[in-house]
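Spelled out from the first residue to the last, the chains are:
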Amino acid sequence: VIVTLHLIVLALYGLGTALALAPFLGLPPSPRPLNIALPCAGAALHVVAISQLTPVGLGPALSMLALCLVLLQLASERLLRGSAVALLAGPLATALVGLALLSGLTPGGSAEAAGSRNAWFILHVALSVSGVALMALAFIAAALYLLQFRELKARRFGQVFQLFPPLERLDQLNRFALLVGFPTLTLGVLLALGYGARFSGGLHVAKAQIVWGMFTWVVLGWAVWVRVVRHWAGRRAAFASIAGFSAVLLVYVALKLAQPGVERFL
Amino acid sequence: VTDHSGVGIKVLGVNHRTAPLEVRERFAHGAHEVPGALARVMAAGAQGGVLLSTCNRTEFYLVTEEEPAFDTVWSLLGERLTATPTGGVREYGYVVRDREAVRHLYRVSAGLDSMILGESQIQGQVREAWEISRAQAGPVLHRLFQTALHVGSRVRTETGLGTGTASAASAGVAVAGKIFGDLAGRSALILGAGDMAELAATCLSDEGVKITLVANRTQERARAIAERLGGRAVSLEDAWAYFATTDIALCSTAAPHAVVTWERVGHVIAGRGGRPLCILDLAVPRDVDPAVAQLENVFLYDVDDLQTVAAQATARRRDEVPAAERIVEEEADHFWAWYGGLGVVPAIKEFRTRMDALRAAELERAMRQLGHLSAEDRAHVEQFSQALLSKFLHQPTVALKAAAEEGRGYGLLEALRRLFGMEPPA
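First to last, the sequence lines map onto chains A and B.
Once you know that position 18 of the first sequence is 18 in the working numbering, the rest is easy, because the numbers rise by one and skip nothing.
Once you know that position 23 of the second sequence is 1023 in the working numbering, the rest is easy, because the numbers rise by one and skip nothing.
Isolated chain B (complex conformation):
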């Protein structure tokens, strides 16, 4: 039976395999929500935390004991649900521990755990999560995320896992192509001006689609994208009328609820005269009210749909998985060796030096009171003090080394530092 009670690296989360989109979109945390969420988990005893929240996953990477930090995470997620499933919010989630947790993040960063195998966007999201959580990450997670980015880069340069176009954005292009055939000369309206919107708009533009409008809540960013892709920036409220003429509507705003609703665009689309309209909703939470798809000739696809399409295109990437997994294992071993021995040797050295200094000080004090002893007796007493110290330090040293070999050294070291007032390493 494995004991998971100690301090260690833990991952708690939900992803595209364990939770449907409507649940994932509720768990998704905006950048501004991350510090607050992590602060709650840290207050429950976690020593470090990073929150990775994308459209496909919400994962808490923690250095912690299981209780009560785990309860805090689950309740934190549960609060975001309107209806909790019978088995509680844990029903949607998973927990990964220790070396498996390291391996998990490496696989995530490499795109091996993505819905679209080998997709590269996740690496940027891992970097972003690390940067947002930097203040709360702590040294272990800091190094873990740093190495995860390195693993992602290695996998993409040393294997063919990242080759070809298999992102949700390129899947959007493929789906639009199944409606319109040749996309050259078609018009597209972009709602939102985030990275995903820009990426998808660029994919469409590369296919010859004319980006006519970029609509966003803040005009500045919309203007930058519009200028780059040859369109015009408008406000969201001004965009609805253009649903009457555009061929493709690409939606990727950061709005917390649907912005493209039946009330806003229903009557506009009805006036298209049956011309097809392809709506690509890349946002999580979704931007487009599913009711809009009830209109004839409206083809609406959300992130899950597009990722399903993209997943089909990744079949050939599967051949590269073994090579990528080898890199992940190799790097996980390196990290684990570092983590296992994390400061153990210098800490033991420091611990022993500190104890020996204590012993020497006490011995000197005792010797001052035992001035009548012969040199030989003094040597005996000193030998005795050294032997006693060695006996005392033997078990802690063995336990620390064993824990290090099992990858649990960090937790024990933390305990040692606290118990003996040793300073953490810089």
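Same shape as in the complex, but just chain A:
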């Protein structure tokens, strides 16, 4: 059932992405309600699928990240009054669901599976994944900002100019995602520490997880710091977000290659 639901979710996200990309491929734009309905339906089924998952291992982590991204996409589309975020969030979420299916969506060891039913653990996973998803959203907003910036600067008035949100709104979205993402991730990390201390008699996690978790937290913290304390905005802030998210992604891939396996997300 979980796999079937994920396959349907994959199809809906894929279709939604195709519709979002259509105007950029010279095809007529689809009606806005349809652009929203497809990811909405996908997200609803995705929630059902994830509720049946044990949140342990690579597959479930990727699936949850995909769901968070789609939910943020839908929320930001309301904020931006446009579907531009779907251009990057759509393919990313679709790819993540595909990878989750390839990784396998069954839980890992039974001990971990039993522990995963704990509310602290579930909250830790949910907040951590949401933090990373918000970081991804900041990355998407930054990428859209730079694209729109380039078009406006070059006086090109094509599809990007027409369909992308205004620069300031993208900048605000980037700032919002970072400002909400950092405390969310911080809380997720703190919950992990609390969970370890209270229920597991100490932290029993792989070093890679700690390294990547701390690295991500530091990078996100830096991105927030430059925006809030150093008052970076616009293009400079966009570059910072992109650099930060890319670094987090690269470090993850490097660590994953060093320690392959799908039992844990790292």
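Hints were generated in silico from the structure; no laboratory data involved.
The C-beta atom is built at its ideal place from N, Cα and C for all residues, glycine as well.
Some hints could be false.
Said to hold, decoys possible - Now the in silico label distances, taken between C-beta atoms and shown as ranges:
#1 B:Glu1227 - A:Leu79: 35 to 43 Å
#2 B:Asp1182 - A:Pro31: 36 to 44 Å
#3 A:Cys40 - B:Ala1291: 42 to 50 Å
#4 B:Asp1195 - A:Leu21: 21 to 29 Å
#5 B:Gln1146 - A:Arg156: 38 to 46 Å
#6 B:Arg1228 - A:Pro91: 48 to 56 Å
Unchecked claim - Some chain A residues close to chain B (C-beta under 10 Å, calculated; not the full set):
#7 Ser51
#8 Gln52
#9 Phe161
#10 Gln162
#11 Leu170
#12 Ala233
Position chain B against the provided structure of chain A, taking the given hints into account.
Chain B in isolation, oriented as in the chain A frame:
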């Protein structure tokens, strides 16, 4: 083969389709330059002329034979270029003749030939061109421009061609919106106090933009706009410092060269700390040195850019084009019928009356010397004189009527009047 050698309505010009902005801005004539330019063309043989010069077109509407008036127009335009293209200045231009020329002006006035389909500003510009050239227009162009304004009004009231906002000014608002999102509360600085500046400032004000300053060479007009939009009037020299704080700078002065230069505002904008500045340059010639756009976070748009944006918004107006074209055709037919028969019937009548009076006078003089003729012979002689006159007048009358049907009656009538010393109609 069509013979274009005769006197007729001709249009020579360049527009946004045939010449780039940097060429068009050199061809643009200020109101004070129009009478002089037309005087040169009139001296070359044109019987009437109107010069329509906007940011998108410079067109000479003439009643003339082709040579040498055409050469004068091309050389007049060519003198304004620093570098002439290989094919000469004609490379940028076009010539439209006779009924097509009438149709062309009607389409221009209706906004059908505008870069922004259906834009209404052109109608005011057509009116202005007619008023400036009134002394040199002559009766045909006078009527042509009068009817062109009527066509413009008809198209705008009877079709949806003028609906929606698709002017360069409203495109400026749209572009600023793509930078700032919500424009309410943003500040704008206006350079220039002409109609275009006022229109664009009003568009911005309608979106909630705060017009903080209106800068102009002459303070009086700037003060009037500033008062209406809630800003403050300053001189141009005092305006540069405000580039450090304003969100939008709208430039539409009548200066013949760039006034917003790197030297004047470069260091000021550099101190903005990366905050975006949207500069809308609606002037032709351009007010803003393109080098200013090299500064990061400066978004500079000239008339061509804004009209490109506006053109996208006019897509829905295209549905109204067939209805507008029908009105243009209908009115062009009316004008052409008037022009074709312009005074032909009364002129022929006057011509025949004049010739008949001449015949009668000469006959009477001859009869005085031929007093011995019988009444019957006198009747024969009179009949002969009438038949002779009819024979003489037949060909000119047929030619005039034929020319009238082809829309070339005006030229022949002019010739007739000159040849026979007939007074032009009042």
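Going through the hints against the structure:
no.	hint	verdict
1	B:Glu1227 - A:Leu79: 35 to 43 Å	holds, 39 Å
2	B:Asp1182 - A:Pro31: 36 to 44 Å	violated, 25 Å
3	A:Cys40 - B:Ala1291: 42 to 50 Å	holds, 49 Å
4	B:Asp1195 - A:Leu21: 21 to 29 Å	violated, 44 Å
5	B:Gln1146 - A:Arg156: 38 to 46 Å	holds, 42 Å
6	B:Arg1228 - A:Pro91: 48 to 56 Å	holds, 51 Å
7	Ser51	violated, 37 Å
8	Gln52	violated, 41 Å
9	Phe161	holds, 6 Å
10	Gln162	holds, 7 Å
11	Leu170	holds, 9 Å
12	Ala233	holds, 7 Å
Consistency note: the structure conflicts with the earlier hints numbered 2, 4, 7 and 8.
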